[in-house]
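Peer 1: Sequence:
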Amino acid sequence: MIYEQIFKCLNDAKVKYLVAGGMAVNLHGIPRVTQDLDIIVDLKPDNVKNLSETLKRLGFFPRAPVDPLLLADPVVRNEWITKKNMKVFCFYNGKMPMYEIDVFIIIPVDIEKAFKKAVIKNTGKISIPLVSIDDLIKMKKLAGRPQDLWDIEMLKTLQKLE
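Residues in the sequence shown are numbered consecutively from 623, following the working numbering.
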């Protein structure tokens, strides 16, 4: 699976990130079809640089024709949010177009608390940091799409079983 390679490379590069979205739902234990990878990233310049370089090595490039290092600039991010209605910064792989990585630029949870509450999923030799189920539910509520509402119900059921 390509995502295992991505997680390994992000970890090796010391990128501070959390898996969110449908992939996090899957990794928390609820089967669900998803092709993209949604991540929350610490948007400090060094971390963004490590993220960008790692994704480039893996063949992922920004969908928008802009320098991905601009993710670290809060003024630029605010401009993208207000003028372009952007919520995520998308990286795509030209050789495997079905794979995309979306980096949240509007972070719908308190990022410092989210990193502290992260759940680490170990799959073989790879540790994958996930947003907590509580934070994932908050994020899904804000998105509000039919799939998100289903995910919320499944996540709440999972919480009751734990």
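Everything labelled a hint here was simulated from the structure, so no lab data went into it.
Being a predicted model, the structure only gives us computed values, none of them experimental.
Do not rely on the hints blindly, as some may be mistaken.
The following label-pair restraints were derived from C-beta to C-beta distances [unchecked claim]:
(1) 695 with 738: 22 to 28 Å
(2) 764 with 700: 17 to 23 Å
(3) 705 with 780: 17 to 23 Å
(4) 712 with 732: 31 to 37 Å
(5) 633 with 681: 14 to 20 Å
(6) 688 with 772: 32 to 38 Å
(7) 700 with 732: 32 to 38 Å
(8) 732 with 685: 25 to 31 Å
(9) 668 with 775: 37 to 43 Å
(10) 719 with 782: 22 to 28 Å
(11) 765 with 719: 21 to 27 Å
The calculated DSS-like cross-link candidates involving lysine-lysine, where the alpha carbons are at most 30 Å apart (straight line), are [what the hints assert, rightly or not]:
(12) 630 with 678
(13) 782 with 739
(14) 747 with 636
(15) 747 with 671
(16) 739 with 630
(17) 717 with 763
(18) 747 with 705
(19) 747 with 678
(20) 666 with 738
(21) 739 with 678
(22) 735 with 630
(23) 638 with 738
(24) 782 with 763
(25) 666 with 782
(26) 743 with 760
(27) 671 with 735
(28) 738 with 678
(29) 717 with 778
(30) 666 with 743
(31) 671 with 638
(32) 671 with 760
(33) 717 with 747
(34) 706 with 763
(35) 678 with 666
(36) 743 with 706
(37) 717 with 739
(38) 735 with 706
(39) 747 with 735
(40) 760 with 717
C-beta atoms are modelled at their ideal positions from N, C-alpha and C, and glycine is treated no differently.
Peer 1: None of the hints should be skipped; say for each whether it holds.
Peer 2: Going through the hints against the structure:
Judged by the Cβ atoms, the range 22 to 28 Å given for residue 695 and residue 738 holds: they are separated by roughly 25 Å. Evaluation of the 17 to 23 Å hint for residue 764 and residue 700 yields a pass: the beta carbon distance comes to about 18 Å. A hinted range of 17 to 23 Å is violated for the C-beta pair residue 705 and residue 780, which are about 39 Å apart. In this structure the supplied range 31 to 37 Å is violated for residue 712 paired with residue 732, their Cβ-Cβ distance being about 24 Å.
Restraint check, residue 633 to residue 681: a C-beta distance of roughly 18 Å satisfies the suggested window 14 to 20 Å. Checked against the hint of 32 to 38 Å, the C-beta distance between residue 688 and residue 772 comes to roughly 34 Å, which is consistent with it. Restraint check, residue 700 to residue 732: a C-beta distance of roughly 18 Å breaks the suggested window 32 to 38 Å. As the Cβ distance of residue 732 to residue 685 is approximately 27 Å, the hint placing it in 25 to 31 Å holds.
At roughly 39 Å, the beta carbons of residue 668 and residue 775 sit within the given window of 37 to 43 Å. A beta carbon spacing of about 39 Å between residue 719 and residue 782 contradicts the range 22 to 28 Å that was offered as a hint. As the Cβ distance of residue 765 to residue 719 is approximately 23 Å, the hint placing it in 21 to 27 Å holds. A threshold of 30 Å between alpha carbons decides the hint, and for residue 630 with residue 678 the separation of about 14 Å falls inside it, so the pair holds.
Between residue 782 and residue 739 the alpha-carbon distance is near 18 Å, which keeps this suggested pair within the 30 Å criterion. Between residue 747 and residue 636, the direct Cα distance comes to roughly 16 Å. Compliance with the 30 Å bound is thereby established for this hinted pair. Restraint check: the Cα-Cα separation between residue 747 and residue 671 comes to about 25 Å, which is no more than 30 Å; the hinted pair holds. In summary, the hint linking residue 739 to residue 630 is supported, as the alpha carbons are separated by about 21 Å, within the 30 Å threshold.
Between residue 717 and residue 763 the CA atoms are separated by roughly 34 Å; this puts the pair beyond 30 Å, and the hint is violated. For a cut-off of 30 Å, the pair hint linking residue 747 to residue 705 is broken: about 42 Å separates their Cα positions. Note on residue 747 and residue 678: the hinted pairing holds, with a Cα-Cα distance of about 23 Å set against a maximum of 30 Å. Pair hint residue 666 plus residue 738 holds up; C-alpha atoms about 17 Å apart against a cutoff of 30 Å.
Using a Cα cut-off of 30 Å, the hinted pair residue 739 and residue 678 holds, with the two alpha carbons roughly 29 Å apart. Restraint check for residue 735 and residue 630: the C-alpha separation of about 24 Å stays at or below 30 Å, so the hint holds. For the proposed pair residue 638 and residue 738, the alpha carbon gap of about 12 Å is at most 30 Å, so the pair holds. The hinted pair formed by residue 782 and residue 763 meets the criterion: a straight-line CA distance of about 18 Å does not exceed 30 Å.
For the given pair, residue 666 sits about 36 Å from residue 782 by alpha-carbon distance, which is inconsistent with the 30 Å threshold. In summary, the hint linking residue 743 to residue 760 is supported, as the alpha carbons are separated by about 20 Å, within the 30 Å threshold. Distance restraint check for residue 671 and residue 735: the Cα-Cα separation of roughly 23 Å lies within the 30 Å cut-off, and the hinted pair is therefore satisfied. Under the criterion of a C-alpha separation no larger than 30 Å, the hint pairing residue 738 with residue 678 is consistent with the structure, at around 28 Å.
Restraint check: the Cα-Cα separation between residue 717 and residue 778 comes to about 37 Å, which exceeds 30 Å; the hinted pair is violated. Pair hint residue 666 plus residue 743 holds up; C-alpha atoms about 24 Å apart against a cutoff of 30 Å. For the hint linking residue 671 to residue 638, the alpha-carbon distance of about 11 Å falls within 30 Å, and the restraint holds. A threshold of 30 Å between alpha carbons decides the hint, and for residue 671 with residue 760 the separation of about 28 Å falls inside it, so the pair holds.
With a CA separation close to 26 Å, the supplied pair residue 717 and residue 747 stays within the 30 Å bound. Using a Cα cut-off of 30 Å, the hinted pair residue 706 and residue 763 holds, with the two alpha carbons roughly 22 Å apart. Taking the CA atoms of residue 678 and residue 666, the gap is near 18 Å; set against the 30 Å cutoff, the hint holds. Only pairs whose Cα atoms come within 30 Å are accepted, and residue 743 paired with residue 706 is rejected, the gap being roughly 35 Å.
Distance hint between residue 717 and residue 739 is unfulfilled; the C-alpha atoms sit about 35 Å from each other, more than 30 Å. For the hint pairing residue 735 with residue 706, the CA-to-CA distance comes to about 28 Å; that is within 30 Å, so the pair holds. Of the pairs offered as hints, the one joining residue 747 and residue 735 holds, with about 26 Å between alpha carbons and a cut-off of 30 Å not exceeded. For the suggested pair residue 760 and residue 717, the alpha carbons sit about 34 Å apart, so the restraint of at most 30 Å is broken.
In this structure, the hints that do not hold are numbers 3, 4, 7, 10, 17, 18, 25, 29, 36, 37, 40, in rising order.
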